[in-house]
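Number 236 in UniProt numbering belongs to position 236 of the first sequence; there are no gaps in the numbering.
Derived from the structure by calculation, the hints contain no laboratory data.
Heads up, some of the hints might be wrong.
[As the list claims (entries may be wrong)] Here are the simulated DSSO-like pairs of lysine-lysine, each with C-alpha atoms no more than 30 Å apart in a straight line:
no. : residue 1 : residue 2
1   : 97        : 60
2   : 309       : 229
3   : 173       : 229
4   : 231       : 338
5   : 309       : 338
6   : 231       : 173
7   : 338       : 229
8   : 309       : 230
9   : 165       : 60
[Unchecked claim] For each label pair, taking beta carbons as the anchor points, the in silico distance ranges come out as:
no. : residue 1 : residue 2 : range
10  : 178       : 75        : 37 to 47 Å
11  : 78        : 270       : 47 to 57 Å
12  : 156       : 347       : 34 to 44 Å
13  : 10        : 200       : 23 to 33 Å
14  : 166       : 69        : 35 to 45 Å
15  : 69        : 49        : 46 to 56 Å
16  : 145       : 300       : 15 to 25 Å
Quick caveat, the model's predicted, so the values are computed rather than measured.
All residues carry an ideal CB built from backbone N, CA and C; glycine is no exception.
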Amino acid sequence: MRDISLQLLAWYDANAREMPWRVPPNARQNGTLPDPYAVWMSEVMLQQTTVAAVREYHNKFMALWPSVHDMAAADDADVMAAWAGLGYYARARNLLKCARAVVADHGGVFPADYAVLLTLPGIGPYTAAAIASIAFDLPETVVDGNVERVMARLFDIHDPLPKSKPVLTARAKQLTPDTRPGDYAQAVMDLGATICTPRNPSCGACPWQQPCAANAAGTAAELPKKTPKKKTPTRHGIAYVVQRADGALLLETRPASGLLGGMLGWPGSEWGDAPEPAPPLDANWQTLNEQARHTFTHFHLRLTVMVAKVDARAQARRGSFVAAPDFDAGALPTAMRKVFDIAAPTLRNT
DNA sequence: CATTCGTGGTT
DNA sequence: TAACCAAGAAT
């Protein structure tokens, strides 16, 4: 059984993808391991996020906060602003919590232990196994979407996810070798990302073509099965963009938990079927023709954009004015940035 | 155990 | 255009 793991490692030696946070297989076999901080940063960013999207964010974060001590001492608003656009903002909040826990409780050193890693904020079963194996070369088994798909095909398992996850996890553990577990973890995920893809898998180029049960049965492309999900509803809301005579814009920091938690945004109504107007101040509001459309994981959002210009003495019922030189649309989550993009021409022309 | 939580690319 | 998908975690 284990010899097929070695086959995969041989494939990885020749086909490993290059990533800024990764130590290539030849260097790893010479005894070089990656910086656990960089690995942790990458794995948190990679949760439900593509490698392509993570690259520049990882570079930026490593430049701004090169060590876990820097991250622990970082200003929360700076980290949230730097994370803007990457999504799943609870990850950024947990990034700070985790860094501070590592410094406060673990002497500023990431623990080389799966069970201890699992106790840290934002580190679940996948990420704990990824850090343990990739950063410390411990024989832990990563089970992400790639591994689930590869195992479902390798063993021709037709039970739908997520119910089948325990079986897929057990299979993945059976295959994890004692030698080079870190490279092996990265190898299975690379295989899933480049060969054993969700659609149109390149079975002809797969190092596991021979042992693959789904390839033999001709079922690879239809695996893994998944329980169908319900369709996403549409919610509506109103976003208010206020500009003061000196150019300052009215923004508010959203509540620390929930959707876009801790992020900067425009004051607005609740989001639902028929939102009640909730202007942050009394003004001569102008409703723009174009709505901001944005899709979250579980609903579509259509925001009506309302714009007002107010004088320098204006007082808002909520939010706070941000001076024009301090405003950075890049610090907004995408839904809010779309609102700004729609409002910007009107702001300039009035 | 089901739901909540982003975003951009692909089909 | 709508659905699907990506190195999941927290509740």
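Results of checking the hints against the structure:
1. 97 x 60: holds (19 Å)
2. 309 x 229: This hinted pair is violated, its Cα atoms lying about 44 Å apart.
3. 173 x 229: holds (28 Å)
4. 231 x 338: Holds. Residue 231 to residue 338 sits at ~24 Å (cutoff 30 Å).
5. 309 x 338: holds (19 Å)
6. 231 x 173: Measuring from Cα to Cα gives roughly 34 Å; hence the hint is violated.
7. 338 x 229: Answer holds: residue 338 to residue 229 is near 27 Å, not above 30 Å.
8. 309 x 230: violated (42 Å)
9. 165 x 60: violated (34 Å)
10. 178 x 75: 37 to 47 Å: holds (44 Å)
11. 78 x 270: 47 to 57 Å: For residue 270 against residue 78, whose Cβ atoms are near 29 Å apart, the range 47 to 57 Å is violated.
12. 156 x 347: 34 to 44 Å: Given a distance of about 58 Å, which is not inside 34 to 44 Å, the answer is violated.
13. 10 x 200: 23 to 33 Å: Since residue 10 and residue 200 have Cβ atoms about 24 Å apart, the given range 23 to 33 Å holds.
14. 166 x 69: 35 to 45 Å: holds (38 Å)
15. 69 x 49: 46 to 56 Å: violated (25 Å)
16. 145 x 300: 15 to 25 Å: holds (24 Å)
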